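Enquirer: The chain contents come next:
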Amino acid sequence: MLARLTGYLKKMQGTTRSPPRVSLREIFLSWIGAFLGISAVGCLNYRILDGSDVPMIIGSFGASAVLIYGAVKSPLAQPRNLVGGHVLSGFVGVASYQLFHAHLWVTAAVAVATAIALMHATRTLHPPGGATALIAVIGGDSIHDLGFLYPLVPAGLGAVIMLLVALLVNNLAETRRYPEFWI
Amino acid sequence: MTRNNEQARRDPLAISDEDIYEAMKDVPGYLDVTPGDLKEVYAHAYRHALARIASSVKASDLMTSTVHAVGPESPLEDVARLMAREEISGVPVVDETRRVVGIISEKDFCSNLGDQQARSLMGVISECMDHRSCLAMTLRARKAADIMTSPAITVHEETVLGEIRAVLARNRINRVPVVDRRGGLVGIISRADILRASHERPC
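Heads up: the sequence lines are chains R and D, in that order. Taking our numbering, the leading residue of the first sequence gets 1, the next gets one more, and so forth. Taking our numbering, the leading residue of the second sequence gets 1, the next gets one more, and so forth.
Just so you know, these hints were derived from the structure itself, not from any lab. Hints are not guaranteed to be accurate.
What the hints assert, rightly or not - Derived contacts from chain R toward chain D, CB cut-off under 7 Å, selection only:
1. Thr16
2. Pro19
3. Pro20
4. Gly51
5. Lys73
To be verified - Ranges of calculated distance between the beta carbons of each label pair, as one might list FRET restraints:
6. R:Asp145 - D:Tyr46: 54 to 62 Å
7. D:Tyr42 - R:Gly147: 45 to 53 Å
8. D:Glu163 - R:Gly7: 35 to 43 Å
9. D:Val41 - R:Gly14: 13 to 21 Å
10. D:Glu40 - R:Leu24: 24 to 32 Å
Bear in mind the structure is a predicted one, so any value in this text is a computation, not a measurement. Glycine is no exception: its CB is placed at the ideal position from the N, C-alpha and C atoms.
The whole structure should be built from the sequences, with the hints applied where relevant.
Expert: Here you go:
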C-alpha cells in the first residue's frame, strides 16, 4: 500500500528537463506574426464591423496566436487543428450551454472536457479550443445570443483569418515554414 | 557496477541526454517535444533500423568476391607463402569444381606445429625458443588437406547480416567463405567487412 503511494507520488517527480530556449530571431518572428494576426481580427472587430452585435474577436484567439506564430512546428499549431479545433469546440460549447445552463460550473466543465475528448478523437487537438468551448458558456449574452452561429462566427472565421496571416508571414522567414501538414 | 559497464558496452545507442538537448538547439524554432520523449523515440527508431539492416543486408552485399583459394593437395609451403603475400589470415580449400571442402587459418598452422599442440602464435614462438629451432620446418612436406579444418563453416550468398554475425560469434571464427547454391566459392566475409558495414549508419 505504501509502495503504491510512493510510486504514485514518484510519478510527479518529472524525468526530463525543459526544452532549450529559442533564438532571438525566433522570438522576433513570433512577435511580428502575433501582432499582425491579432491586428487582423482586431481590426475586423473594432473597426470594420464595429457597429454590429457580433463580436469578431474572442479570448481564445490570443491562445491560438501563441501556437501558430510562436510554435509553428507543433502538431497543435497546424491548420487542421486550428480551424478544426475552434469550430468543433465552439459547437460543443454552444451545445452544452443550450442543453443545460442551470448550474454554469457544470456546463463549463462538461463543455471543456467534451471539447478536449472530441478534439482528441478527431485529431484536431488545439489548446485554444478549450477556451472557445468555455467562452461559449461563460461569454455572456453577446455570445449566447449567437447560438450555433458562434462556432463559425467568430470562432471559425477568426481562425481562418489568423491562418491566412500565418501562411503569409511564417513562410516569409528563412528559418520557418508553415504548415507541417494540412491533413 | 560491472553489470552497468557491460550493459553500456552492449547498448548500441550511445546517445546521451546532453546530445539530444544540443540537437534540439540545432533545429531552429520551438520543438514541441520534451528532450526525454525525443530520446525515447530516437532509441526506438535506432533499434528498428538495426533490426532492418540486420535482416536486409545479405552476404553478397558484404563479401569480397576476389577470394584466394587453395586445393587440398597444395603444399603448405605454397599456402603459407600465399597467405603471407596477400596478408590474409585464412584461406578456403576448394576442390576442382571450386566447391569448398575446408578452410585453413593461422590457428590451423599453429596447432599443427610442434609437440605441444600450441594454439597461438605466441605458443609457437615460445616453443621455438625453447627448442632453439624453427618448428615450421616439420610442416614443409605436408599439404593443405593435412591441416585444414573440414568441413568448413560457410554461409550462403543470401544469408542476412544478423545470421552472419551469429555464425562468426557462435563458432568463434573471424572469417567465413560465401558459397552459392552448389557450394561453390563465390566470396569471403571477414569481421572487418562487417565492421565496415556497421559504420554505414542510417541517417
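Enquirer: All hints, please: hold or fail.
Expert: Structure-based check of all given hints:
no.	hint	result
1	Thr16	3 Å, holds
2	Pro19	6 Å, holds
3	Pro20	5 Å, holds
4	Gly51	39 Å, violated
5	Lys73	5 Å, holds
6	R:Asp145 - D:Tyr46: 54 to 62 Å	57 Å, holds
7	D:Tyr42 - R:Gly147: 45 to 53 Å	49 Å, holds
8	D:Glu163 - R:Gly7: 35 to 43 Å	42 Å, holds
9	D:Val41 - R:Gly14: 13 to 21 Å	19 Å, holds
10	D:Glu40 - R:Leu24: 24 to 32 Å	30 Å, holds
Of the hints listed earlier, the one the structure fails to meet is number 4.
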